[in-house]
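Student: One-letter residues, chain by chain:
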Amino acid sequence: MAVCFSRGSWLYSPPTGAGPRPFFVTAMIELRNVTKIYPNGVRALNNVSLSIPAGDFVFLVGPSGAGKSTFLRILFREEIPTEGQVVVDGKDIVRMPEGRVPYLRRNLGIVLQDFQLLKRRTVAENVAFGLRVIGAAENVINARVQETLEQVGLSHKRRMFPDELSGGEQQRVCIARAVVNNPLILITDEPTGNLDPMISLEIVQLFLEINARGTTVIMATHNHHLVNKLRKRVIALVEGRIIKDEPGGTYAYE
Amino acid sequence: MGFDNLVFFASEALTNLRRAGVMTFVTVSTIAVALLLMGTFLLASMNMESFLARLQEEAMVTAFLVPGTASDRVSALKMQITAFDEVTEVTVVTPEAAARELFTDPADQKLLQVGLGEGTNPLPYTIRMKVRSSHDLQALVDKLKALPQVESVSYGEEAFRQFQGLSHLLWIGSLLVIVLLGLASLFIVYNTVRLTLFMRREEVIIMRLVGATNWFIRWPFVIEGFLHGLLGAAVAVVVLAVGTPFIMARLAALVPFFAFDPGAVALVKLSVKLCLMGVVLGVSGSLLCLRDLNAFGREM
Ligand SMILES: Nc1ncnc2c1ncn2[C@@H]1O[C@H](COP(=O)(O)OP(=O)(O)O)[C@@H](O)[C@H]1O
Ligand SMILES: [Mg+2]
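Taken in order, these protein sequences are the chains called P and R.
The first sequence begins at 32 in our numbering and counts up by one.
The second sequence begins at 471 in our numbering and counts up by one.
Rather than coming from a laboratory, the hints here were simulated on the basis of the structure.
Just so it is clear, CB atoms sit at the ideal spot from N, CA and C, and this is done for glycine as well.
A couple of the hints might just be wrong.
[Claimed, not checked] Selected chain R positions facing chain P (Cβ under 8 Å, derived; list incomplete):
#1 Asn475
#2 Leu476
#3 Gly652
#4 Ile676
All chains, please: the whole structure from these sequences, using the hints.
Tutor: And the structure:
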C-alpha cells in the first residue's frame, strides 16, 4: 500500500522515476466488456476486455478506424464508455466525478500524433507546463524540467521555440512534458505518425527507457516495422474488437 | 493558491492582454461606454432627486391652530416649534394678517372692512415654517399634529405625493436602464471572451491534458476580466470627471436652479460604484464563458 501511495502522488515523494511495482498489485489498467457507441451511432469499441499490468509495454495496432484512439481516450477520460468498466490504478474512471479527472490525468502522460506545443513558449516553458498546472513550486519545476530535458536529449535547446525544432525534436518536447511529473502510465497515440523511420525508432527507444523506469506504456501505432522489431505485447483491434493479444507479438500490415 | 501560482496567473493575464490587443480594446471600450452611460444616468437621477428635494424644502408647512387660542399660548407654541430639529424660519401669522393675505384684491379688501370687524374674524392663528430637509417632512407633520393646540396641518400633500411618485419612478427607471445596459455589455463581453478563448483553445486543451483543474484554467481569464472591468471603469470615470462640470455649467446657464453640484463625496461614491460594476461585468463575462470546460477539446 505504501508503494502505491508514494507513487500515486509525486508531491509526497521526490520524483525519482516510477520504480518497480510489487507483483501483488493488481493490474494498472483493467477493461471489462467495454463498448463505446458515439452519438452518431458508430460502434467504436465492441465488448473489449483486457488487463495491463503495471510496467507493461503494449502496442495497440489495427487499421485506421479500428478504435485505437477511442480506446486511449477512454483511458484518460476524454470519452466515457457506453457500457462496461474501466479501472485505472485501482480507480473506477467511468464513475469518477468530473472534478477528479484532472487528478487522474496528473498520473498519466499523454502524447498525441500532432505535436501539441505552445508556439509562443520556449521548449523549457512547454515542458514546465506539465508541472505548473499542478501547482508545483518554481524551484521544483526548474529542477524537474532540466532533468527531463536531459533525459530526452534536448537540454541544450531549452531556450528555443517549437518552430525552431525538427519534428522529432518537437515530439521529444511533448514526451518530456508528458513524463515531467513521473506518470504511472504513458498513453501515446501514433506518436511517430508524422516522423520518418529513423526518428521513429529513436522516439520508441525513448519510450523503452521510460518504461524501464517503471512507467506503463501504451502506444497506438500503424508502424509494423517498429512493432515487429521490438517484440513487445501486441493488442490488435479490428472494428472495435480485440482480434489478437499476444506477448512478443507481431503485426502483419493489411 | 500559492504565490508562485499567483505570479504565473498574473503574468499570464498581462501577456494575454497584450497579445489580444483588439479583443482587449473591444472589451474595455464596451465596458467603458456602458459605464459611461450608467454614470450619466446616475448623475442625471441624482440631479433630479436633489431638484425634487429642494422643491420640497421650499414648500411651507402651515399649522392651523384651534380657533380662539390665546396669543400668549401662540407665542409659547412658537417657541416650542422653533425648538424642533426639523424646522427653520418659524413665523406666526395672526388672524388679521391671514385675512389681509386672503383678500389681496382691493375689491375684497373693502368686503373685509365691511364684513369682518374686530372680534368677528373667523380665521385661526397659523404658524408657518420651512422644513430643514425633505426627509424630515413626514416626521415634522406628525409632531405638529400631536400638539393639542394644532387643529390641522397643511404642507402641500398633493405635491408632496407627486414628488414622491416621481422620485420612485426615477429610481425604477435608472435601475431598469442600468440592468439593460449591464446585460447588453455583458453580452458583448461574453462574446469577446469566447473569441479569446477560441484563440487560446490549444493552450486550454493542453492544460486539460496535463491535469489542470477547471479553476486553474479559469484564473487567468478571471484576472483578465477583472483588469478589463477596472480599465473600462477608469476610462468612464475620467470622461465623467472631465465632462460633468462642463455639462453642469451649460445646464445651469440654461435652466437656473435645476443644475446642481453633486459634491466631491458623491462623485467619489459614484466612481467606486462604477468600478465595482466594471469589475462585476468583466469577471462575470469571463466566468460565464468558462462555466463548462469539461467538453473543451472533445473534438480533438
Ligand atoms: N468523436 C467521434 N464521434 C463520432 N464518431 C467517432 C468519433 N471519434 C471516432 N469516431 C469513429 O469511431 C471509429 C473509431 O475511430 P478511432 O477510435 O479514431 O479509430 P483509430 O484511432 O483506430 O483510427 C471510427 O469509425 C470513427 O469514425
Ligand atoms: Mg486514431
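Student: Please write out, lowest number first, the hints stated earlier that are contradicted by the structure.
Tutor: 2, 3
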